[in-house]
Amino acid sequence: MAETQTTLKKTIKPSQAWALALGAILGWGAFVLPALRFLPTAGPLASCIGFALGGIMLLFVAMSYGDMIGKYPVAGGEFVFAYVGFGPTAAFICGWALALGYICIIALNASALALLFRFLLPGVFEVGYLYTIVGWDVYAGELAMLVAILVGCGWINYRGADLVGKIQVFLAIALVGGVFALFAGTTMHETSSLSNLFPLYAEGRSPMASIMAIVAIAPWLYVGFDTIPQAAEEFDFPHEMATKLMVTAIICGVVLYSMVTLAVAGLMPYKELLALDVPWATGHVAHISLGKAGSVILAIAVSAAIFTGINGFFIASSRLLFSIGRARILPAWFGDIHPQHGTPHKSIVFVTLLTIIAPFFGREVLNWVVDMSAVGTVIGYLFTCLAAYKVAVAFRSEETTSKKIIFAAIGSVSSIICILLLTVPGSPGSIGTESWVALVLWTLLGAFFYKMKMSEFKGLDLKTQRSLMMGGVDLPVFFKK
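Residues in the sequence shown are numbered from 1 upward in steps of one, following the UniProt record's numbering.
Hint data in this document are derived by calculation from the structure and do not stem from the laboratory. From a predicted model like this one, the values you see are computed outputs, not experimental measurements. For each residue, glycine too, the CB sits at the ideal point set by N, CA and C. Among the clues, some could well be false.
[Unchecked claim] Listed next, with one range per pair, are the computed distances between beta-carbon atoms:
(1) 198 with 151: 45 to 51 Å
(2) 255 with 159: 31 to 37 Å
(3) 271 with 71: 49 to 55 Å
(4) 461 with 207: 41 to 47 Å
(5) 275 with 458: 29 to 35 Å
(6) 464 with 132: 48 to 54 Å
(7) 332 with 476: 20 to 26 Å
(8) 272 with 134: 26 to 32 Å
(9) 237 with 193: 44 to 50 Å
[Said to hold, decoys possible] Quick list of in silico lysine to any residue cross-link-like pairs, SDA-like style, CA-CA up to 25 Å:
(10) 390 with 367
(11) 404 with 248
(12) 451 with 441
(13) 9 with 342
(14) 463 with 89
(15) 9 with 332
(16) 463 with 163
(17) 13 with 395
(18) 403 with 56
(19) 390 with 163
(20) 71 with 395
(21) 13 with 152
(22) 390 with 437
(23) 10 with 163
(24) 244 with 147
All chains, full assembly: derive it from the sequences and hints.
Shown next, in the form of structure tokens:
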């Protein structure tokens, strides 16, 4: 009887959805990348301008997502939106492009805990050396810690989205509070000065090239707002609120990225900071400006960022697999729903199993796959914006349709720009050779899987397809079968 249930339990509140998005957007990178990438490749001012421009580009994408959620409030996000606009093949491309990336982002966030503990508690978990893979030492102690954490996160998600949402709100508050404390501590420190922010742009690069170096990685920086459409079926509030939640999450992401970067750059001349032999510049700045309390505050903020990222992408990946399974493109058991908790429990177990395997490959290999997944993410953006354009044109009678058409068009152009920035050789955001190899292998595997599975689905009549895609809800589509 429980297996006949086809829709997920509605438990997610607005604050919980917003916290899911913000936590997935910010993640560990906001605290690690200022000294590793933002300041060396762009400089303080160019970084902040790049954050803002990248955020603006994705605001238009988010508005198209909001329009689609309002009309298609079901799990699956881009997978369903691509089907609505362009049919089964486009849906498969989107789903396949996103699935591996979402899961690897979970594992990469978890591995960031290993980095954090190596800084805060050196040697505690670095026991039982096993092997080195692409420069990353793998220890049994760290693997045991990561497996325990990932199993715990999987169990929390198994128990229900409402529990995850409540935890996510608490973690988001800790994350935002930590960023504000770090920013306040550095700006009020006696050595803090605007002169420390010079040069404002990266040396050896023009201001425009410095800014574009940050804009180019905007798809990676702000990936996470699309956890909201993946969970749309579980909203316990009007779906029209989704646009505001995504937009405000992206804007907050812009502000918080900028605050951390300026905090790191403003305590001392940032060129001197980058030249220091310290394992983690952000941690060094927190300790100087706030003492031991600063290290504790930063550890709490980074831990909150990591766990919000893990939970956000647990939601996104499991709901995506659930939607594909419900459509019978993946084995049907992916679409099963727990009779008590109302969660896609088998998809969650599958995601948990994959994520506990991933750390065995080392952090650098996970980085390659996550970089590759940025391309898949932007492909999802593009299909969603194009589908939103087709839907808006079809609903011309609505008063706001002209605005929606314009936003969808701008979002589509923004998505194409992001794709070019990620794939054109020589672009400041172009993915590396290893990521290209991973992308080709994943594409070939997808082509094989498509040939094996999609002919059956495409052979179904349109009404049956729509029912499987949307959990029995009969909603219009805009492609010719």
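Which earlier hints can't be squared with this structure?
-> 4, 5, 10, 16, 17, 19, 22, 24
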